[in-house]
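**Student:** Position chain B relative to chain A; hints supplied.
Protein sequences, first through last, are from chains A and B. Plus 11 on top of the position in the first sequence (first one is 1) and you've got our numbering. Plus 11 on top of the position in the second sequence (first one is 1) and you've got our numbering.
If you're looking for bench data, these hints aren't it; they were derived computationally from the structure. Just so you know, not all the hints are guaranteed correct.
Listed below are the simulated DSSO-like cross-link pairs for lysine-lysine, each with C-alpha atoms no more than 30 Å apart in a straight line [stated by the list, open to error]:
hint	chain 1	residue 1	chain 2	residue 2
1	A	Lys123	B	Lys47
2	B	Lys148	B	Lys101
3	A	Lys226	A	Lys236
4	B	Lys194	B	Lys219
5	A	Lys167	A	Lys250
6	B	Lys117	B	Lys187
7	A	Lys135	B	Lys250
8	B	Lys84	A	Lys117
9	A	Lys104	A	Lys187
10	B	Lys91	B	Lys148
11	A	Lys135	A	Lys52
12	A	Lys143	B	Lys84
13	A	Lys133	B	Lys239
14	B	Lys250	A	Lys133
15	A	Lys133	B	Lys34
16	B	Lys34	A	Lys143
17	B	Lys187	A	Lys187
18	A	Lys143	B	Lys135
19	B	Lys101	B	Lys250
20	A	Lys143	B	Lys219
21	B	Lys250	A	Lys239
22	A	Lys123	A	Lys104
23	A	Lys187	B	Lys47
24	B	Lys239	A	Lys84
25	B	Lys148	A	Lys123
26	A	Lys187	A	Lys142
27	B	Lys133	B	Lys53
28	B	Lys219	A	Lys135
29	A	Lys133	B	Lys219
30	A	Lys142	B	Lys104
31	A	Lys194	B	Lys135
32	A	Lys101	B	Lys117
33	A	Lys133	B	Lys187
34	B	Lys250	B	Lys187
35	A	Lys143	B	Lys91
36	B	Lys187	A	Lys143
37	A	Lys143	A	Lys133
Partial selection, computed: residues in chain B whose CB lies under 8 Å from chain A [unchecked claim]:
hint	residue
38	Asp21
39	Leu132
40	Tyr134
Note that the Cβ used here is the ideal one computed from N, Cα and C, for glycine as well.
Number of protein chains: 2
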Amino acid sequence: MRYLMTFSYDGSNFYGYQVQNNKRTVQGEIENCLTKINGNKKVRIVGSGRTDRGVHAMGQRAHFDFKEIDLNKLQTSLNKLLPLDVYVQKIEKVEDDFHARFDVVKKEYIYKINMGEYNPLKYKYEYQLNKKLDVDKMKEASKYLIGEHNFKAFTKTDEEKDDYVRIIYDIDFEIKNNILTIKFVGSGFLRYMVRNIVGLFVEIGLAKANSNVAKAILDSCDRTKGFKTFSPSGLYLNKVYY
Amino acid sequence: MRYLMTFSYDGSNFYGYQVQNNKRTVQGEIENCLTKINGNKKVRIVGSGRTDRGVHAMGQRAHFDFKEIDLNKLQTSLNKLLPLDVYVQKIEKVEDDFHARFDVVKKEYIYKINMGEYNPLKYKYEYQLNKKLDVDKMKEASKYLIGEHNFKAFTKTDEEKDDYVRIIYDIDFEIKNNILTIKFVGSGFLRYMVRNIVGLFVEIGLAKANSNVAKAILDSCDRTKGFKTFSPSGLYLNKVYY
Numbered sequence: 012m013r014y015l016m017t018f019s020y021d022g023s024n025f026y027g028y029q030v031q032n033n034k035r036t037v038q039g040e041i042e043n044c045l046t047k048i049n050g051n052k053k054v055r056i057v058g059s060g061r062t063d064r065g066v067h068a069m070g071q072r073a074h075f076d077f078k079e080i081d082l083n084k085l086q087t088s089l090n091k092l093l094p095l096d097v098y099v100q101k102i103e104k105v106e107d108d109f110h111a112r113f114d115v116v117k118k119e120y121i122y123k124i125n126m127g128e129y130n131p132l133k134y135k136y137e138y139q140l141n142k143k144l145d146v147d148k149m150k151e152a153s154k155y156l157i158g159e160h161n162f163k164a165f166t167k168t169d170e171e172k173d174d175y176v177r178i179i180y181d182i183d184f185e186i187k188n189n190i191l192t193i194k195f196v197g198s199g200f201l202r203y204m205v206r207n208i209v210g211l212f213v214e215i216g217l218a219k220a221n222s223n224v225a226k227a228i229l230d231s232c233d234r235t236k237g238f239k240t241f242s243p244s245g246l247y248l249n250k251v252y253y
Numbered sequence: 012m013r014y015l016m017t018f019s020y021d022g023s024n025f026y027g028y029q030v031q032n033n034k035r036t037v038q039g040e041i042e043n044c045l046t047k048i049n050g051n052k053k054v055r056i057v058g059s060g061r062t063d064r065g066v067h068a069m070g071q072r073a074h075f076d077f078k079e080i081d082l083n084k085l086q087t088s089l090n091k092l093l094p095l096d097v098y099v100q101k102i103e104k105v106e107d108d109f110h111a112r113f114d115v116v117k118k119e120y121i122y123k124i125n126m127g128e129y130n131p132l133k134y135k136y137e138y139q140l141n142k143k144l145d146v147d148k149m150k151e152a153s154k155y156l157i158g159e160h161n162f163k164a165f166t167k168t169d170e171e172k173d174d175y176v177r178i179i180y181d182i183d184f185e186i187k188n189n190i191l192t193i194k195f196v197g198s199g200f201l202r203y204m205v206r207n208i209v210g211l212f213v214e215i216g217l218a219k220a221n222s223n224v225a226k227a228i229l230d231s232c233d234r235t236k237g238f239k240t241f242s243p244s245g246l247y248l249n250k251v252y253y
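Looking at chain A on its own, in the form it has when it is part of the complex:
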């Protein structure tokens, strides 16, 4: 039987989502618990994609194969075994050929920036910029990125891919109590893509670059033309759509 799970985690104390030897990872923790429930017969999970060290998730998803079982009971047992910083929200049955990575239709990430005073309770959960941003200028810049583009200029420098083309459907800006939340909805995102776009936006929001620089960097297909990769701490994988 194939199942799809939806789960959330605090990325602060993980070496990222993906299993690595002798490191604490989200995938590793979930697989260990599922394996225990399975009488110590190894269970693997296949995520919608990895998240880097320090990145959080509100709605990560993964599929796995398991015997026929009461899904509420499985969810309860799993959450009892899991550490406090990971939580399974839902487990549902899917078709045998469903694939959590290949079948992704759309993903939503959010990035949080504190434009107000430094908050020592939030430094792992919001980027502490502690400066006002010109959000209208950032919105202008975002227009250049929406649509289908080659995003090579916004990926990790040493990331070799066959295909750097992705679609960004929407970039939305919202301010509440000095916290700017930028929401990205796209077909998929390259490694560091959101954090590099945020680096560009902040440069523009601080008036250190004009908004049309966004187009110049995008067109260059050259990461070295861009700005700082922003901290993982403000980044959340919010939703994965199938």
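**Tutor:** Chain B in isolation, oriented as in the chain A frame:
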């Protein structure tokens, strides 16, 4: 010269506010940094009161004596030296006989309870009850506690005091996105007092006790008549008034 500082901290990784040998404490961290700035001549700070292990603060206050100095520069140097989980919001000059503990007029604490689904990103910042509460019943109960009372029934069992009388000016309930925030304003609070009152309120909110039980427990002056001491993780020292 005497100064008053206002500061915030994430209590998660401290053994409480008050200095203890070989333990990481908020007071200890601040004193170490002030001492460094003072050319390694020991500086002591006197807090408005201690907060227990795991309790957070948005507006804790303390006084200290220091040479005449540019207060903006002192604040900046201090925040550079301090770890990421403590932040000094303000330093102001006060009278030589000002005392951060004895001169307190009013304190405000808040307690946060998540009545919605478990959130692995917030277990250190909101109590994860993950159950609906009957907040109207809790409000009814709170009426019995407002005013000047002997709060011995709500303090730490082995806490010997001369005086258990305190005034609660207001208890306020607010719900936003399934997070219940209970705000307590009082002349001062005994050790564990807020956490023990929250324990009572939750019992009533879950319909395991009637709201008039609040009066019976208060009148008993006996801690053993009460309920669970709630977790420090949902508790914040919000404001101290002089």
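**Student:** If a hint holds in the structure, say so; if it does not, say that too.
**Tutor:** Results of checking the hints against the structure:
no., hint, verdict
1, A:Lys123 to B:Lys47, "violated (34 Å)"
2, B:Lys148 to B:Lys101, "violated (39 Å)"
3, A:Lys226 to A:Lys236, "holds (11 Å)"
4, B:Lys194 to B:Lys219, "holds (22 Å)"
5, A:Lys167 to A:Lys250, "holds (22 Å)"
6, B:Lys117 to B:Lys187, "holds (26 Å)"
7, A:Lys135 to B:Lys250, "holds (23 Å)"
8, B:Lys84 to A:Lys117, "violated (49 Å)"
9, A:Lys104 to A:Lys187, "violated (38 Å)"
10, B:Lys91 to B:Lys148, "violated (47 Å)"
11, A:Lys135 to A:Lys52, "violated (36 Å)"
12, A:Lys143 to B:Lys84, "holds (21 Å)"
13, A:Lys133 to B:Lys239, "holds (29 Å)"
14, B:Lys250 to A:Lys133, "holds (18 Å)"
15, A:Lys133 to B:Lys34, "holds (23 Å)"
16, B:Lys34 to A:Lys143, "violated (37 Å)"
17, B:Lys187 to A:Lys187, "holds (14 Å)"
18, A:Lys143 to B:Lys135, "holds (29 Å)"
19, B:Lys101 to B:Lys250, "holds (13 Å)"
20, A:Lys143 to B:Lys219, "violated (48 Å)"
21, B:Lys250 to A:Lys239, "violated (37 Å)"
22, A:Lys123 to A:Lys104, "violated (33 Å)"
23, A:Lys187 to B:Lys47, "violated (38 Å)"
24, B:Lys239 to A:Lys84, "holds (28 Å)"
25, B:Lys148 to A:Lys123, "violated (36 Å)"
26, A:Lys187 to A:Lys142, "holds (15 Å)"
27, B:Lys133 to B:Lys53, "violated (37 Å)"
28, B:Lys219 to A:Lys135, "violated (37 Å)"
29, A:Lys133 to B:Lys219, "violated (35 Å)"
30, A:Lys142 to B:Lys104, "holds (27 Å)"
31, A:Lys194 to B:Lys135, "holds (25 Å)"
32, A:Lys101 to B:Lys117, "violated (45 Å)"
33, A:Lys133 to B:Lys187, "holds (19 Å)"
34, B:Lys250 to B:Lys187, "holds (21 Å)"
35, A:Lys143 to B:Lys91, "holds (20 Å)"
36, B:Lys187 to A:Lys143, "holds (26 Å)"
37, A:Lys143 to A:Lys133, "holds (17 Å)"
38, Asp21, "holds (5 Å)"
39, Leu132, "holds (4 Å)"
40, Tyr134, "holds (5 Å)"
When held up to the earlier numbered hints, the structure conflicts with 1, 2, 8, 9, 10, 11, 16, 20, 21, 22, 23, 25, 27, 28, 29 and 32 and fits the remainder.
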